[in-house]
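There are 2 protein chains.
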Amino acid sequence: MQSASPFRTPAQKEAERAAKRDAVLRAAVRMFNERGFHATSLDDVAASLGISKRTIYHYLANKDQVLLECITIGLHQLLEAAAEARREPGDGRHRLTRFLRRYAEVNMEDFGRCVIRTGVEALSPESLPRYRQLKREIDDALRTMIQEAIDDGSIAPVDVKLAAFTLAGALNWPARWHDPDGQLPVETIAVTMVDILTGGLDPRP
Amino acid sequence: MQSASPFRTPAQKEAERAAKRDAVLRAAVRMFNERGFHATSLDDVAASLGISKRTIYHYLANKDQVLLECITIGLHQLLEAAAEARREPGDGRHRLTRFLRRYAEVNMEDFGRCVIRTGVEALSPESLPRYRQLKREIDDALRTMIQEAIDDGSIAPVDVKLAAFTLAGALNWPARWHDPDGQLPVETIAVTMVDILTGGLDPRP
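Those protein sequence lines, which keep their order, are chains A and B. Note that the first sequence covers residues 2 to 206 in the numbering used here. Note that the second sequence covers residues 2 to 206 in the numbering used here.
Please note that a few of the clues may not be correct.
Because identical chains cannot be distinguished in the list, a pair is counted as satisfied if it fits within a single copy or across any two copies.
In silico DSBU-like cross-links for lysine-lysine, where the CA-CA straight-line distance does not exceed 35 Å [claimed, not checked]:
#, residue 1, residue 2
1, K54, K162
2, K54, K14
3, K136, K64
4, K162, K14
5, K162, K21
6, K136, K21
Hints in this document: simulated from the structure, not taken from any laboratory.
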């Protein structure tokens, strides 16, 4: 074992700072999701961590920045899901399905829920371009994966733009209705919803 | 033609009052949808109608009541869509499809957009029970129609609850992305989306 020096290295200090900032964001996002963004103050967030609001300001400039960071984390999780799915072997339908399942899961997790529940209305005008850019990248990734699956014949030809909106809407919605204390595992819900979307409602012979 | 008496009958007065209240709600819902509920004041709404805020108070008690009325109108449109679809002849799939198409259309119209865009977070605690009751009735109607279509064999067996959430989410989402000045007619968007949901993505033989 290393000797426990009371002096931290710069790397240790940086890691500690990142961990504290992360803890603030995690506490904040849960309160935004449960009480609503407007009804949550940074005093509430600080109190839930047993720290003062002044301490939060060491890591984050204000409540707007806290929200923008929470939303950015959620959107990055969706982008990461797209990137992971695109690295999968198999046909276009397989990659699309992997993305859609993870997309649904993210929307049942803290940061993804915040993207949908708090969302664009609460962001300050300065934060909107970053938000819109990330949303556009996610939408582009989804449309590209749908088009690739049509092109290799693994899904039926559909209007790509409307299909992307249809799928995204269906799988954004769990952010509104899913109860984190519910019985069904998130993975089961995601698989079932994506099965409904890929299989459709019409009976198959 | 009737002689134009300068004295209005009680029925005429009531109709005029209803028309004025309706005009206030229509002006308000558009501003809520375009600027956001929190960024809209009743002064703005009054100004857009060339009246004073004091005049609005003859018809509606406060901004909270304006929002509750707008949301109630949107939710009633969805309930009416369910009732109309259930009166249709044909099999369960036909009735469900009719409901889903109209459901999508309502979410591209002013009051339906407001239900999704402004929604529950902005409602006062006193307004929540009425909102939740109407949401529950709509959800029940959708689940009943899915179950009836499964029972008569016109759609495939699915998890009714998750199917209802999947369909509702997909068709709520146009309230967020649909551009009222867009090129495609609302009816075309609704039919295409419902076709994607009923047909699914998987190729059919």
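Exercise. Which numbered hints are broken by the structure, listed smallest first?
Worked result: Numbers 1, 4, 5, in rising order.
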